[in-house]
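Trainee: Sequence:
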Amino acid sequence: MICAIAETGSVTRAAARMGLSQPAITNQLHRVESLVGGALFVRSRSGVEPTPLGRQVIARARIVLSEVDALFGDMRGPSDSPGVLRLGCVHLACVASIVSRVSEMLPEREISLRIEPSTVLLAEALTHGHLDAALLGIIEGFDVTLTAPVVSRTLVPRYPIFIALSATHPLAKQDEIELGDLKDEAWISPPGADDGSLAALRASCRTAGFEPRVLYEAPSGAARPLVADGHGVRLVDPSWPPPPGTVARPLAGEPQVARLVMAWRRDRLSNEGATALYRGLAAAFADHVDDNPSFSSWWDTHPEVHPLQ
151 MICAIAETGS VTRAAARMGL SQPAITNQLH RVESLVGGAL FVRSRSGVEP
201 TPLGRQVIAR ARIVLSEVDA LFGDMRGPSD SPGVLRLGCV HLACVASIVS
251 RVSEMLPERE ISLRIEPSTV LLAEALTHGH LDAALLGIIE GFDVTLTAPV
301 VSRTLVPRYP IFIALSATHP LAKQDEIELG DLKDEAWISP PGADDGSLAA
351 LRASCRTAGF EPRVLYEAPS GAARPLVADG HGVRLVDPSW PPPPGTVARP
401 LAGEPQVARL VMAWRRDRLS NEGATALYRG LAAAFADHVD DNPSFSSWWD
451 THPEVHPLQ
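Here the sequence shown is numbered in my numbering, starting from 151 and rising by one per residue.
Just so you know, these hints were derived from the structure itself, not from any lab.
Because the structure is a prediction, the values reported are computed rather than measured.
One or more hints might be untrue.
Restraint-style ranges between C-beta atoms, simulated for each label pair [stated by the list, open to error]:
(1) 214 to 188: 15 to 23 Å
(2) 331 to 257: 45 to 53 Å
(3) 403 to 443: 38 to 46 Å
Backbone N, C-alpha and C define an ideal beta-carbon position, used for all residues, glycine too.
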(Lines of atoms letter the chains of each structure in order from A; the text may use other names.)
(Lines give C-alpha, C1' and ligand atoms only; values in the text may rest on other atoms or scores of the structure.)
Protein backbone atom coordinates (compact mmCIF):
# COMPACT_ATOMS: atom_id res chain seq x y z
CA MET A 151 0.00 0.00 0.00
CA ILE A 152 2.80 2.42 0.89
CA CYS A 153 4.62 1.67 -2.39
CA ALA A 154 1.39 2.10 -4.37
CA ILE A 155 0.84 5.56 -2.88
CA ALA A 156 4.44 6.52 -3.65
CA GLU A 157 4.30 5.23 -7.22
CA THR A 158 0.93 6.78 -8.11
CA GLY A 159 1.43 10.00 -6.13
CA SER A 160 -2.14 9.77 -4.89
CA VAL A 161 -4.11 7.93 -2.19
CA THR A 162 -7.09 7.80 -4.57
CA ARG A 163 -5.11 6.20 -7.40
CA ALA A 164 -3.42 3.80 -4.98
CA ALA A 165 -6.84 2.71 -3.73
CA ALA A 166 -8.01 2.11 -7.31
CA ARG A 167 -4.89 0.10 -8.11
CA MET A 168 -5.33 -2.11 -5.04
CA GLY A 169 -9.09 -2.51 -5.40
CA LEU A 170 -9.81 -0.87 -2.03
CA SER A 171 -11.80 2.18 -0.97
CA GLN A 172 -10.04 5.46 -0.31
CA PRO A 173 -11.12 5.51 3.38
CA ALA A 174 -9.69 2.01 3.85
CA ILE A 175 -6.34 3.09 2.40
CA THR A 176 -6.33 6.29 4.46
CA ASN A 177 -7.08 4.42 7.70
CA GLN A 178 -4.38 1.86 6.97
CA LEU A 179 -1.87 4.62 6.21
CA HIS A 180 -2.65 6.31 9.53
CA ARG A 181 -2.08 3.01 11.37
CA VAL A 182 1.29 2.54 9.67
CA GLU A 183 2.29 6.14 10.44
CA SER A 184 1.43 5.56 14.12
CA LEU A 185 3.53 2.42 14.08
CA VAL A 186 6.64 4.08 12.59
CA GLY A 187 6.22 7.33 14.53
CA GLY A 188 5.70 9.97 11.87
CA ALA A 189 4.04 11.11 8.64
CA LEU A 190 5.04 9.19 5.51
CA PHE A 191 3.52 11.58 2.95
CA VAL A 192 2.71 15.27 2.60
CA ARG A 193 0.35 16.95 0.16
CA SER A 194 1.81 18.64 -2.90
CA ARG A 195 0.37 20.50 -5.89
CA SER A 196 0.40 17.29 -7.94
CA GLY A 197 -0.83 14.88 -5.22
CA VAL A 198 1.26 13.53 -2.35
CA GLU A 199 5.02 13.22 -1.90
CA PRO A 200 7.00 11.12 0.60
CA THR A 201 8.55 12.77 3.64
CA PRO A 202 12.19 11.94 4.53
CA LEU A 203 10.84 9.24 6.87
CA GLY A 204 8.52 8.09 4.10
CA ARG A 205 11.41 7.66 1.68
CA GLN A 206 13.20 5.42 4.20
CA VAL A 207 10.10 3.29 4.76
CA ILE A 208 9.37 3.03 1.02
CA ALA A 209 12.92 1.87 0.31
CA ARG A 210 12.64 -0.86 2.97
CA ALA A 211 9.14 -1.82 1.81
CA ARG A 212 10.35 -2.35 -1.76
CA ILE A 213 13.07 -4.68 -0.50
CA VAL A 214 10.47 -6.67 1.45
CA LEU A 215 8.15 -6.89 -1.57
CA SER A 216 11.01 -8.01 -3.80
CA GLU A 217 11.92 -10.78 -1.37
CA VAL A 218 8.30 -11.93 -1.08
CA ASP A 219 7.93 -12.00 -4.88
CA ALA A 220 11.14 -13.98 -5.17
CA LEU A 221 9.91 -16.46 -2.54
CA PHE A 222 6.60 -17.13 -4.24
CA GLY A 223 8.24 -17.11 -7.66
CA ASP A 224 10.52 -19.92 -6.49
CA MET A 225 7.54 -21.82 -5.10
CA ARG A 226 5.52 -21.46 -8.31
CA GLY A 227 8.33 -22.71 -10.50
CA PRO A 228 8.02 -22.41 -14.29
CA SER A 229 5.15 -20.58 -15.94
CA ASP A 230 1.97 -22.59 -16.43
CA SER A 231 2.17 -21.78 -20.16
CA PRO A 232 5.86 -21.95 -21.10
CA GLY A 233 5.01 -21.57 -24.80
CA VAL A 234 3.27 -18.22 -24.30
CA LEU A 235 5.29 -15.01 -24.00
CA ARG A 236 3.15 -12.48 -22.16
CA LEU A 237 4.08 -9.02 -23.39
CA GLY A 238 2.93 -5.61 -22.27
CA CYS A 239 3.28 -2.33 -24.15
CA VAL A 240 2.38 1.29 -23.63
CA HIS A 241 0.01 2.76 -26.21
CA LEU A 242 2.37 3.22 -29.19
CA ALA A 243 1.86 3.05 -32.94
CA CYS A 244 4.14 0.02 -33.10
CA VAL A 245 1.70 -2.22 -31.22
CA ALA A 246 0.39 -3.08 -34.69
CA SER A 247 3.72 -4.71 -35.55
CA ILE A 248 4.93 -6.08 -32.22
CA VAL A 249 3.18 -9.44 -32.44
CA SER A 250 4.39 -10.19 -35.96
CA ARG A 251 7.95 -8.88 -35.46
CA VAL A 252 8.49 -10.61 -32.13
CA SER A 253 7.00 -13.83 -33.54
CA GLU A 254 9.59 -13.70 -36.31
CA MET A 255 12.38 -13.49 -33.73
CA LEU A 256 10.88 -16.04 -31.32
CA PRO A 257 9.00 -18.47 -33.59
CA GLU A 258 8.73 -21.08 -30.84
CA ARG A 259 6.68 -18.75 -28.59
CA GLU A 260 3.05 -17.77 -28.87
CA ILE A 261 2.71 -14.02 -28.21
CA SER A 262 0.03 -12.45 -26.04
CA LEU A 263 -0.11 -8.65 -25.74
CA ARG A 264 -1.52 -6.27 -23.13
CA ILE A 265 -1.73 -2.62 -24.21
CA GLU A 266 -1.78 -0.26 -21.26
CA PRO A 267 -1.36 3.55 -21.14
CA SER A 268 0.26 3.37 -17.70
CA THR A 269 3.91 2.34 -17.46
CA VAL A 270 3.52 2.11 -13.68
CA LEU A 271 0.83 -0.56 -14.05
CA LEU A 272 2.95 -2.48 -16.57
CA ALA A 273 5.93 -2.38 -14.22
CA GLU A 274 3.72 -3.63 -11.41
CA ALA A 275 2.44 -6.48 -13.60
CA LEU A 276 6.04 -7.46 -14.35
CA THR A 277 6.98 -7.39 -10.68
CA HIS A 278 4.09 -9.65 -9.73
CA GLY A 279 4.65 -12.08 -12.61
CA HIS A 280 1.53 -11.23 -14.61
CA LEU A 281 3.75 -10.28 -17.57
CA ASP A 282 7.03 -11.73 -18.81
CA ALA A 283 8.28 -8.60 -20.60
CA ALA A 284 7.08 -5.13 -21.55
CA LEU A 285 7.94 -2.07 -23.61
CA LEU A 286 7.74 0.93 -21.29
CA GLY A 287 7.56 4.64 -22.07
CA ILE A 288 9.21 6.75 -19.37
CA ILE A 289 8.85 10.53 -19.18
CA GLU A 290 12.15 12.31 -18.54
CA GLY A 291 12.44 13.12 -14.85
CA PHE A 292 9.90 10.49 -13.74
CA ASP A 293 11.60 7.13 -13.32
CA VAL A 294 9.64 3.94 -12.77
CA THR A 295 10.85 1.46 -10.16
CA LEU A 296 11.75 -2.02 -11.42
CA THR A 297 12.58 -4.67 -8.85
CA ALA A 298 14.38 -8.00 -9.20
CA PRO A 299 14.05 -10.30 -11.04
CA VAL A 300 12.96 -7.58 -13.51
CA VAL A 301 15.81 -6.08 -15.53
CA SER A 302 15.78 -3.57 -18.36
CA ARG A 303 17.53 -2.38 -21.50
CA THR A 304 17.00 0.96 -23.25
CA LEU A 305 15.44 0.70 -26.70
CA VAL A 306 15.19 4.41 -27.60
CA PRO A 307 17.13 6.64 -25.17
CA ARG A 308 15.36 9.85 -26.06
CA TYR A 309 12.53 11.09 -28.26
CA PRO A 310 10.30 14.20 -28.19
CA ILE A 311 6.62 14.21 -27.34
CA PHE A 312 4.53 15.99 -30.01
CA ILE A 313 1.45 18.19 -29.74
CA ALA A 314 -1.78 17.23 -31.54
CA LEU A 315 -4.20 19.92 -32.63
CA SER A 316 -6.96 20.45 -35.16
CA ALA A 317 -5.91 20.68 -38.80
CA THR A 318 -7.86 23.97 -38.91
CA HIS A 319 -5.96 25.45 -35.97
CA PRO A 320 -4.05 28.68 -36.82
CA LEU A 321 -0.79 27.01 -35.74
CA ALA A 322 -1.34 23.80 -37.70
CA LYS A 323 0.78 24.84 -40.69
CA GLN A 324 3.88 25.60 -38.61
CA ASP A 325 6.77 23.12 -38.70
CA GLU A 326 7.09 23.36 -34.90
CA ILE A 327 5.03 25.05 -32.23
CA GLU A 328 6.08 27.16 -29.27
CA LEU A 329 4.52 25.82 -26.08
CA GLY A 330 3.83 29.38 -24.92
CA ASP A 331 1.61 29.92 -27.98
CA LEU A 332 -0.80 27.32 -26.53
CA LYS A 333 -1.43 29.20 -23.29
CA ASP A 334 -5.07 29.95 -24.14
CA GLU A 335 -5.91 26.41 -25.26
CA ALA A 336 -7.99 23.81 -23.46
CA TRP A 337 -5.94 20.67 -22.81
CA ILE A 338 -6.78 16.99 -22.80
CA SER A 339 -5.04 15.19 -19.95
CA PRO A 340 -2.23 12.98 -21.24
CA PRO A 341 -2.62 9.21 -20.77
CA GLY A 342 -0.71 7.52 -17.97
CA ALA A 343 -0.98 10.44 -15.55
CA ASP A 344 0.36 8.23 -12.75
CA ASP A 345 3.60 7.93 -14.76
CA GLY A 346 4.26 11.64 -14.37
CA SER A 347 2.94 12.74 -17.77
CA LEU A 348 0.44 15.22 -16.30
CA ALA A 349 2.97 16.56 -13.79
CA ALA A 350 5.51 16.96 -16.59
CA LEU A 351 2.96 18.83 -18.73
CA ARG A 352 2.19 21.23 -15.90
CA ALA A 353 5.88 21.80 -15.17
CA SER A 354 6.68 22.51 -18.83
CA CYS A 355 3.77 24.92 -19.18
CA ARG A 356 4.78 26.77 -16.02
CA THR A 357 8.28 27.14 -17.41
CA ALA A 358 6.67 28.61 -20.56
CA GLY A 359 4.78 31.10 -18.37
CA PHE A 360 1.28 29.70 -17.99
CA GLU A 361 -0.84 27.13 -16.18
CA PRO A 362 -2.53 24.64 -18.57
CA ARG A 363 -6.34 24.44 -18.45
CA VAL A 364 -6.84 20.67 -18.38
CA LEU A 365 -10.55 20.33 -19.12
CA TYR A 366 -10.83 16.82 -20.57
CA GLU A 367 -9.85 13.31 -19.56
CA ALA A 368 -10.20 10.64 -22.22
CA PRO A 369 -8.46 7.46 -23.37
CA SER A 370 -6.10 8.01 -26.27
CA GLY A 371 -8.56 7.03 -29.01
CA ALA A 372 -11.53 8.81 -27.46
CA ALA A 373 -9.67 12.14 -27.45
CA ARG A 374 -9.27 12.30 -31.23
CA PRO A 375 -12.70 13.82 -32.03
CA LEU A 376 -12.12 16.51 -29.40
CA VAL A 377 -8.85 17.48 -31.08
CA ALA A 378 -10.24 17.28 -34.63
CA ASP A 379 -13.17 19.55 -33.72
CA GLY A 380 -10.86 22.09 -32.10
CA HIS A 381 -12.07 21.62 -28.53
CA GLY A 382 -8.60 20.96 -27.14
CA VAL A 383 -4.98 20.04 -27.73
CA ARG A 384 -3.05 17.11 -26.33
CA LEU A 385 0.42 15.57 -26.09
CA VAL A 386 0.93 12.52 -28.30
CA ASP A 387 3.50 9.86 -29.07
CA PRO A 388 5.26 11.16 -32.21
CA SER A 389 5.13 7.90 -34.17
CA TRP A 390 1.32 7.86 -34.39
CA PRO A 391 -0.06 8.92 -37.78
CA PRO A 392 -2.26 11.99 -37.24
CA PRO A 393 -5.95 10.97 -37.45
CA PRO A 394 -8.16 12.72 -40.05
CA GLY A 395 -8.78 16.33 -39.15
CA THR A 396 -5.69 16.62 -36.94
CA VAL A 397 -1.96 17.31 -37.19
CA ALA A 398 0.89 16.34 -34.85
CA ARG A 399 3.79 18.76 -34.60
CA PRO A 400 7.01 18.95 -32.56
CA LEU A 401 7.24 21.47 -29.74
CA ALA A 402 10.06 23.99 -30.07
CA GLY A 403 12.95 23.21 -27.74
CA GLU A 404 11.55 19.74 -26.94
CA PRO A 405 10.06 20.58 -23.52
CA GLN A 406 8.56 17.08 -23.28
CA VAL A 407 10.94 14.13 -23.73
CA ALA A 408 10.60 10.41 -23.07
CA ARG A 409 12.50 7.17 -23.60
CA LEU A 410 11.50 3.60 -24.45
CA VAL A 411 12.76 0.78 -22.25
CA MET A 412 12.40 -2.95 -22.67
CA ALA A 413 11.96 -4.69 -19.31
CA TRP A 414 11.74 -8.41 -18.68
CA ARG A 415 11.83 -11.03 -15.97
CA ARG A 416 15.08 -12.98 -15.90
CA ASP A 417 13.22 -16.01 -14.57
CA ARG A 418 10.96 -16.06 -17.64
CA LEU A 419 13.30 -15.12 -20.49
CA SER A 420 16.87 -16.24 -21.19
CA ASN A 421 19.60 -13.85 -22.32
CA GLU A 422 19.21 -15.16 -25.87
CA GLY A 423 15.45 -14.75 -25.69
CA ALA A 424 15.80 -11.20 -24.37
CA THR A 425 18.13 -10.32 -27.26
CA ALA A 426 15.66 -11.73 -29.77
CA LEU A 427 12.80 -9.82 -28.14
CA TYR A 428 14.82 -6.59 -28.24
CA ARG A 429 15.42 -7.01 -31.97
CA GLY A 430 11.76 -7.71 -32.58
CA LEU A 431 10.66 -4.61 -30.65
CA ALA A 432 13.27 -2.47 -32.43
CA ALA A 433 12.00 -3.68 -35.82
CA ALA A 434 8.38 -3.06 -34.80
CA PHE A 435 9.17 0.52 -33.74
CA ALA A 436 11.10 1.18 -36.97
CA ASP A 437 8.11 -0.04 -38.99
CA HIS A 438 6.10 3.00 -37.89
CA VAL A 439 8.65 5.82 -37.82
CA ASP A 440 7.49 7.00 -41.25
CA ASP A 441 3.81 7.07 -40.26
CA ASN A 442 4.25 10.67 -39.15
CA PRO A 443 6.46 12.66 -41.59
CA SER A 444 7.32 15.22 -38.90
CA PHE A 445 8.68 12.49 -36.65
CA SER A 446 10.42 10.74 -39.55
CA SER A 447 12.37 13.94 -40.25
CA TRP A 448 13.41 14.19 -36.60
CA TRP A 449 14.36 10.49 -36.47
CA ASP A 450 16.53 10.66 -39.58
CA THR A 451 18.56 13.51 -38.12
CA HIS A 452 19.11 11.77 -34.76
CA PRO A 453 20.85 8.45 -35.52
CA GLU A 454 22.32 8.44 -32.00
CA VAL A 455 18.93 7.46 -30.55
CA HIS A 456 18.30 4.53 -32.91
CA PRO A 457 18.05 1.11 -31.19
CA LEU A 458 21.31 -0.82 -30.94
CA GLN A 459 21.46 -4.15 -32.76
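Trainee: Determine for every hint whether it applies to the structure shown.
Mentor: Here is what the structure says about each hint:
Roughly 19 Å separates the CB atoms of residue 214 and residue 188, a value that falls within the hinted 15 to 23 Å. Restraint check, residue 331 to residue 257: a C-beta distance of roughly 50 Å satisfies the suggested window 45 to 53 Å. A hinted range of 38 to 46 Å for the beta carbons of residue 403 and residue 443 is inconsistent with their spacing of about 21 Å.
Consistency with the previously given hints fails for number 3 only.
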